[in-house]
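Student: Taken in sequence, the protein lines are chains A and B.
According to our numbering, the residues represented by the first sequence are 1 to 179, in order.
According to our numbering, the residues represented by the second sequence are 1 to 179, in order.
A few of these clues could be false.
Pairs count within a copy or across copies, as identical chains cannot be separated in the list.
Taking lysine to aspartate or glutamate and the DMTMM-like style, the derived pairs with C-alpha atoms no more than 25 Å apart in a straight line are [unchecked claim]:
{"hint": "1", "residue 1": "Lys86", "residue 2": "Asp129"}
{"hint": "2", "residue 1": "Lys146", "residue 2": "Asp20"}
{"hint": "3", "residue 1": "Lys43", "residue 2": "Glu93"}
{"hint": "4", "residue 1": "Lys146", "residue 2": "Asp90"}
{"hint": "5", "residue 1": "Lys146", "residue 2": "Glu93"}
{"hint": "6", "residue 1": "Lys125", "residue 2": "Glu83"}
{"hint": "7", "residue 1": "Lys125", "residue 2": "Asp85"}
In short, the hints are calculated from the structure, not lab data.
Protein chains: 2
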Amino acid sequence: MAHLTTSVEYALHGLLWLVDSDVALSTREIAEVQGISPSFLAKIFPRLEKAGIVSASEGVRGGYRLARAADQISFLDVVNAVEGDKPLFDCQEVRGRCALFGGNPPPWAISGTCAIHAVMIQAEKAMRDVLATQTLAAVSQRFSRKIPATYMADLREWFGDRHDRRTSRIGRPRREGPS
Amino acid sequence: MAHLTTSVEYALHGLLWLVDSDVALSTREIAEVQGISPSFLAKIFPRLEKAGIVSASEGVRGGYRLARAADQISFLDVVNAVEGDKPLFDCQEVRGRCALFGGNPPPWAISGTCAIHAVMIQAEKAMRDVLATQTLAAVSQRFSRKIPATYMADLREWFGDRHDRRTSRIGRPRREGPS
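Work the whole structure out from these sequences, hints included.
Tutor: See below:
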């Protein structure tokens, strides 16, 4: 399994739909327009909400919005929200297991950070530094540059249609949530 | 599971025993002195041999040696040898699945590298660049600085004892391999 999983991929693609959206979108709408699993996405967005990346509202117009400006949401924020504190390398302190220590390693052998682990921490930091410099806004702009006007019109129609369907459910007691 | 697994950790700790060794060491000896699983290590070293990091010899003095100078073996060499081409992020080309494409995404939507994937490639490169700059020799020196002379003497005795046991197996037809 790759270190940055499908959950991160779905979260990022999902969030990009919110960058320029004037209305709140449900995870069902996002999943449908993006062609990904609605149930999978519905499990990811609560993590993004908990991390303060999106905010949720209920009701017929309910759904998710970005909780702050897209240029204030980095890839690292999203990775941390979705994956938690998953280290690149999980040091097992092998250095202290030398047969000569007989299960009781001396302080000189286990003080400070293991030299191998230190390299891995440095490598992980370099990776995270890149993720910290990239924002949803910047990547959204890169996507937008390629999009033709006709597609934008089709999209507005698609979301308008969904929105109409939602708000015309008069008399139906079922509460519409963010998912 | 961490991206850089226990196999990488064992490979690096195992290889460090070869940096200053005058004799070939079997994976059994390395595993025993390091307090790690011999059978696990025996599966890892053939990958290091295949990648040209170690060379194997057979016979009573058989075992593994570094195949080139320790300052010419980077952490990235070891990670690649052990893990293969495991990407940090496995792009599934989600961008082409938009519902409006009806399963037939237009060229503008899927040309070039996905902007999300591009960020992940950049992050992975930053991680690999750090791993490429760190060598077995440099990390071995960092370990060596902390080691007291008494421990080095104990180690020489431990390996000498193992060596004597190996070479005194006169009349035993079993061939000693690198593992």
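Student: Hint by hint, note whether the structure agrees.
Tutor: Evaluation of the provided hints:
1. Lys86 <-> Asp129: both (16 Å within a copy, 21 Å between copies)
2. Lys146 <-> Asp20: Classified as within: same-chain Cα gap 15 Å, cross-chain 56 Å, threshold 25 Å.
3. Lys43 <-> Glu93: between (34 Å within a copy, 21 Å between copies)
4. Lys146 <-> Asp90: between (40 Å within a copy, 23 Å between copies)
5. Lys146 <-> Glu93: between (49 Å within a copy, 16 Å between copies)
6. Lys125 <-> Glu83: For Lys125 and Glu83, the Cα distance is within 25 Å both inside one copy (16 Å) and across copies (20 Å).
7. Lys125 <-> Asp85: So Lys125 and Asp85 pass the 25 Å test inside a copy (13 Å) and across (21 Å) alike.
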